[in-house]
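Each chain is listed here by its residues.
There are 2 protein chains.
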Amino acid sequence: MTNAGLGGSSTVSATNEHGEPVDVLLVEERPLTIYLDKQEIVTVMTMGSAPELLVLGYLKNQNLIDKLSDIKVIQVDWETAAVAVVTSAEVQDVAAMTQTKIITSGCGQGTMFGSLTEKLDDVKIAKRQLKKDTIYQILENLSQHNIMYKKAGAVHGCALCTDEEIIYFVEDVGRHNAVDTIAGHMWLNGLSGDQCVFYTTGRLTSEMVIKVAQMNVPVLLSRSGATKMGLDMAQKVGITLISRAKGQRFQVLSGGDNISYSV
Amino acid sequence: MTNAGLGGSSTVSATNEHGEPVDVLLVEERPLTIYLDKQEIVTVMTMGSAPELLVLGYLKNQNLIDKLSDIKVIQVDWETAAVAVVTSAEVQDVAAMTQTKIITSGCGQGTMFGSLTEKLDDVKIAKRQLKKDTIYQILENLSQHNIMYKKAGAVHGCALCTDEEIIYFVEDVGRHNAVDTIAGHMWLNGLSGDQCVFYTTGRLTSEMVIKVAQMNVPVLLSRSGATKMGLDMAQKVGITLISRAKGQRFQVLSGGDNISYSV
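Quick note, the sequences are listed as chains A and B, same order.
For the first sequence, the residue numbers in my numbering are 1 to 263.
For the second sequence, the residue numbers in my numbering are 1 to 263.
If you're looking for bench data, these hints aren't it; they were derived computationally from the structure.
Worth double-checking, as some hints may not be accurate.
[What the hints assert, rightly or not] With a Cα cut of at most 27 angstroms, we get these calculated DSS-like pairs of lysine-lysine: (1) Lys151(A) / Lys150(B); (2) Lys246(B) / Lys151(A); (3) Lys151(B) / Lys236(A); (4) Lys124(B) / Lys236(B); (5) Lys127(B) / Lys246(B); (6) Lys151(A) / Lys132(B); (7) Lys150(B) / Lys246(A); (8) Lys124(B) / Lys67(B); (9) Lys246(B) / Lys150(A); (10) Lys38(B) / Lys72(B); (11) Lys150(A) / Lys151(B); (12) Lys150(A) / Lys150(B); (13) Lys151(B) / Lys132(A); (14) Lys236(A) / Lys246(A); (15) Lys246(A) / Lys150(A); (16) Lys151(B) / Lys246(A); (17) Lys132(A) / Lys150(A); (18) Lys151(A) / Lys236(B); (19) Lys131(A) / Lys236(A); (20) Lys246(B) / Lys246(A).
One chain only, chain A, in its complex shape (with noise of 0.2 angstroms):
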């Protein structure tokens, strides 16, 4: 949790199929809206547990803020539900900028701008070789967590990983939360993407790959399926795609060949 992170759930009394009654966990989902030098962007919902790092992440990722420096500060207020971005160049037209809307099939925030997908022509990430069990050691490690999901579910659960360790671990009630939240983690600390593995409960959809290329990870693994178009701008960029990845098993939509398999 940062600063301004709230509690992630609360348990309600509900009914079973005995008409038994039962307490359930359920995850908070709470607004957020983001100002950006006074200017309305988006309102998310979200858990909240993360939210300079969801805020930073999402300026990122929508390609709305350049340079971390130029941004002075992130503001939460939870009682009117806000956050306020304060950045030291007035950023160019954001009025412009958001004008092409993409919703994507992605949980959470469902925007990114047109213009992202066009600079994927650009993106080119650098093969890496991963041993079949580095991924199980992954798929270990994470065991570990998936907190919220475990106990509430109604949630994804997104990982920075090295091959030995998880550098960031975030739930949120929409996967794309969570991957810019770790978008924004890797901003503010300066991370370098490109020795690491990216992990995501949920599924391999066109805009979860983009935004992965954008953060430079060459390794894209998943528990849930992937759709065609995840496939293809994963082969696009040089993205290895393994999705269904879950105990001993995983299958590798692309870059089979930075695989070894042998142990």
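Got chain A sorted already, so can you dock chain B onto it with the hints?
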């Protein structure tokens, strides 16, 4: 599938955890840009099986069009990934209407316009009794569907059901596409939801409840879990909210007194 509906999946060659080649079926994900009287509204990512109904339901759920008779033509053109909606009466200022975006935690179309949550203040859903066995019957009927989910995963399914049968079932890469497609089907065919049960494979977030409330469906049934805000909304409008409905199990989060457990 509707007239302009496209196939939903394609098979690709992948590699399993043993380095062996495997065929994997992936769901298609396609961009589709909606133009309302030549004004660009949004680009949704969709499987594409029922684009006309999806667009129809989207326009209704976003309150962009009030009367079905106002729509003269919905022309889908996959070549340009665009759908042109022509109305008889020029719809009121879309720009102003789309100003307040809410990117929700929903899969698929994440955008809802701010006014929507306010509109909910007027909504009150009439109670509807439901037998425990009816819930099982509905789940049994649904087991005949979820076609793409079983084959390729990475999709969400939604269904409009009566106690006896499934009126309409649809899958899409985003659960909100699926919900909107059903809304479009109901709108086009003048179906009332007051005697229905709405089923979704997706999570019961605030936006999901809002949309089902707009369809006046008194019971919302999901295989997944809910968020606290989703529950709050359901209690506010009087929707019976049932989560974790799988096999012989389910949890009634709100409206428990509407369920008769006696067999």
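Outcome of the hint check:
no. : hint                  : in the structure
1   : Lys151(A) / Lys150(B) : holds, 26 angstroms
2   : Lys246(B) / Lys151(A) : holds, 18 angstroms
3   : Lys151(B) / Lys236(A) : holds, 25 angstroms
4   : Lys124(B) / Lys236(B) : holds, 8 angstroms
5   : Lys127(B) / Lys246(B) : holds, 24 angstroms
6   : Lys151(A) / Lys132(B) : holds, 26 angstroms
7   : Lys150(B) / Lys246(A) : holds, 17 angstroms
8   : Lys124(B) / Lys67(B)  : holds, 21 angstroms
9   : Lys246(B) / Lys150(A) : holds, 17 angstroms
10  : Lys38(B) / Lys72(B)   : holds, 13 angstroms
11  : Lys150(A) / Lys151(B) : holds, 26 angstroms
12  : Lys150(A) / Lys150(B) : holds, 23 angstroms
13  : Lys151(B) / Lys132(A) : holds, 26 angstroms
14  : Lys236(A) / Lys246(A) : holds, 26 angstroms
15  : Lys246(A) / Lys150(A) : holds, 15 angstroms
16  : Lys151(B) / Lys246(A) : holds, 18 angstroms
17  : Lys132(A) / Lys150(A) : holds, 26 angstroms
18  : Lys151(A) / Lys236(B) : holds, 25 angstroms
19  : Lys131(A) / Lys236(A) : holds, 23 angstroms
20  : Lys246(B) / Lys246(A) : holds, 21 angstroms
Of the numbered hints stated above, none is contradicted by the structure.
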